[in-house]
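Trainee: Take the sequences, apply the hints, and build the full model.
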Amino acid sequence: MLTIEQAYWLIALFLAGAALLNLRGRRFAHAAFWGVLAVLIAGGKFVLVAAAAHQRLPAQLAGVGVIALAALSPRMTRGHLVERDAASREADALHLGHRLFGPALLIPLVTLAVALFGGYLVVGRLRAFNATQMTLTGLALSCVIALLAALWVTRARPGAGLAEGRRLLDTLGWAALLPLTLAALGGVFAATGVGTAVADLVRMLIPVNSALACVAAFGLGMVLFTVIMGNAFAAFPVMMAGIGIPLLIHMHGANPAILGAMGMVTGYCGTLFTPMAANFNIVPVALLELPNQGDVIRAQWKTGAWLLVVNLLLMYLLIFRF
Amino acid sequence: MSALLHYLPLLGVLVVVAGFALRFNPVPVVVVAGIVSGLAAGKSIGDILALLGTSFVSERALLLFVLTLPAIGVLERAGLREHARNWIASLRSLTFPRLLIAYLGLRQILSMLGLTSVAGQAQTVRPLLAPMAEAAAEKRGTPLSQAERNDVRAFSAATDNIGLFFGEDVFIALGAVLLIQGFYAQHGIDLQPLHIALWALPTAIAAFVIHAVRTVLFGRRIATPDPPAGRDDETAT
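Top line first, the protein sequences correspond to chains V and W.
Under this note's numbering, the first residue of the first sequence carries the number 1, and numbering increases by one thereafter.
Under this note's numbering, the first residue of the second sequence carries the number 1001, and numbering increases by one thereafter.
No wet-lab data here; the hints were simulated from the structure.
Check before you lean on any hint, since a few could be wrong.
Footprint (simulated), chain V over chain W, 3 or more residues, beta carbon under 8 Å [claimed, not checked]:
#, region
1, 1007-1013
2, 1026-1040
3, 1087-1101
4, 1120-1132
5, 1136-1143
6, 1193-1203
7, 1208-1217
Selected chain W positions facing chain V (Cβ under 10 Å, derived; list incomplete) [stated by the list, open to error]:
#, residue
8, Ala1018
9, Asp1047
10, His1187
Footprint (simulated), chain W over chain V, 3 or more residues, beta carbon under 8 Å [stated by the list, open to error]:
#, region
11, 135-145
12, 178-189
13, 214-227
We put the CB at the ideal spot given by N, CA and C, even for glycine.
Mentor: This is how it looks when you write it as structure tokens:
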């Protein structure tokens, strides 16, 4: 049975390979960075199982690993790795044509197929895919299939997969890690009571008798908290418990279904404003080789701002009416 | 005194804001923020390390996108981006706004069906959408300046984000809707997932309309080349 755990092993293998190539190229900071990360990803399940059994040492060692990664990050300079020259790429493109799209499209198509039909696939008496996180398992599988197809179409030697993957990985550098680190920070914030402190601050500042003020505080609080945490999911329980349920639902009689749905998407508007949502706003800056960290946010914040206004209006008009 | 202690963990937030404002490398800033808010909450170093470690590894799924890199890298080496560009350039009626609006709509619909990992910054934006958008923008006749090229790429990335966020919230079976339902259930309010998902639809439609309008406006701006600043290639970057 294919599970998400095998996908993690695959990631660890790829990261270890990238570390090895960097070691051979005498780029020691990069080698250490990807090496430590490979160990953390491979040992992840072990750490979590041990922590659930109240053994703290593996988790503490993982914490040390995270700090080591943070210390190495500033040394992950985006030194340019040699890419094949543009002329031969252009020549290949002309020669291979649409065949190049095939493997690239295999990634979404195989992921889609697994997401839709993976649950029905049975090998022997076992199900082919574990039901939890099946789509993500499918994504991992599709990447392997796409790599094989890409090697076949381009007639590249098998080592090219690792070499080219490592080129892109090094282009990403520390940006690849930021989403994980931020998610970890979210966990720490939640455990140290940052959420309740923010909700209490907001409640101190607004006139609770005004429905409009409560809607505005709830919506803007969702945005503010999402901007800080980089994630609307982290903001939702905090703002709901602090303002949504006691003030809007119980005191002013808001409709919970509408408040929940619209409150969450109000938080999503905040995701468009914040570098803390690194996998959406900072990773593409590295992937697309843009000059400034804020470039993607600059392109999307106006959509977010307009949508926020529309959303707050809709929320105020709808939640007390149904 | 106890009131002050209650607000002390907010120091971690302050570290994040200051670190980003001062443009330090974000990874150490974030880790230091975690340690600061842990210390402020009165946790021991051992507790903080364990908390950091478990929170980090339990989010491993966020690194799955790196698995796309070997396949994408091999294809790029053989000219995938060049071919995507040439192909879009040959399709005359596919203008920049049409390409991006079609992508936006498709991404929203796929996300509504729960197929969020089908597209993404690594899977589709870098290898396909960004070069296609550049080629579509260059149908104005003159090549893009570096600054314009960066703008087009950033706008493509933004379009992917918006399509993802404001489609995913309508999907019933996982993610946002289940989180909302689960939260209410804990607080004694029982709701049907479908009921919640339906109320995310108005925002999904508004997001499509607003971003489509912005795409058209951006397309118009990019359709007229930047006036050459001083001499030929000295456009500000």
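Trainee: Each of the hints needs a verdict: does it hold here or not?
Mentor: Hints and how they fare:
Closer than 8 Å: that is the beta-carbon criterion, and the region 1007-1013 of chain W has 5 residues meeting it against chain V, so the requirement of 3 holds. A stretch counts as covered by a chain when three or more of its residues have a beta carbon under 8 Å from one of that chain; for the region 1026-1040 of chain W and chain V the count is 11, and the coverage holds. For a cut-off of 8 Å, the count of residues in the region 1087-1101 of chain W with a CB near a CB of chain V stands at 1, and the three-residue condition is violated. Remark: the region 1120-1132 of chain W is confirmed as covered by chain V, as 9 of its residues place a Cβ nearer than 8 Å to a Cβ of that chain, reaching the required three.
Three residues within the 8 Å Cβ limit are the bar, and the region 1136-1143 of chain W against chain V gives 0, so the coverage statement is violated. Requiring three or more residues with a Cβ within less than 8 Å of a Cβ of chain V, the coverage given for the region 1193-1203 of chain W holds, as 8 such residues are present. Look at the region 1208-1217 of chain W against chain V: 3 of its residues bring a Cβ nearer than 8 Å to a Cβ of that chain, three or more, so the hint holds. Checking W:Ala1018 against chain V by beta carbon gives a least distance of about 13 Å; that is not within 10 Å, so the hint is violated.
Because the closest C-beta pair between W:Asp1047 and chain V is about 8 Å apart, less than 10 Å, the hint holds. A hinted interface residue such as W:His1187 counts as satisfied when its beta carbon comes closer than 10 Å to some beta carbon of chain V; here the least separation is about 6 Å, so the hint holds. Check on the region 135-145 of chain V: 7 of its residues sit with their Cβ under 8 Å from a Cβ of chain W, so the three-residue criterion for coverage holds. With 12 residues having a Cβ less than 8 Å from any Cβ of chain W, the region 178-189 of chain V passes the three-residue criterion, so the hint holds.
Counting residues of the region 214-227 of chain V whose beta carbon lies closer than 8 Å to any beta carbon of chain W gives 0, which falls below the threshold of three, so the coverage claim is violated.
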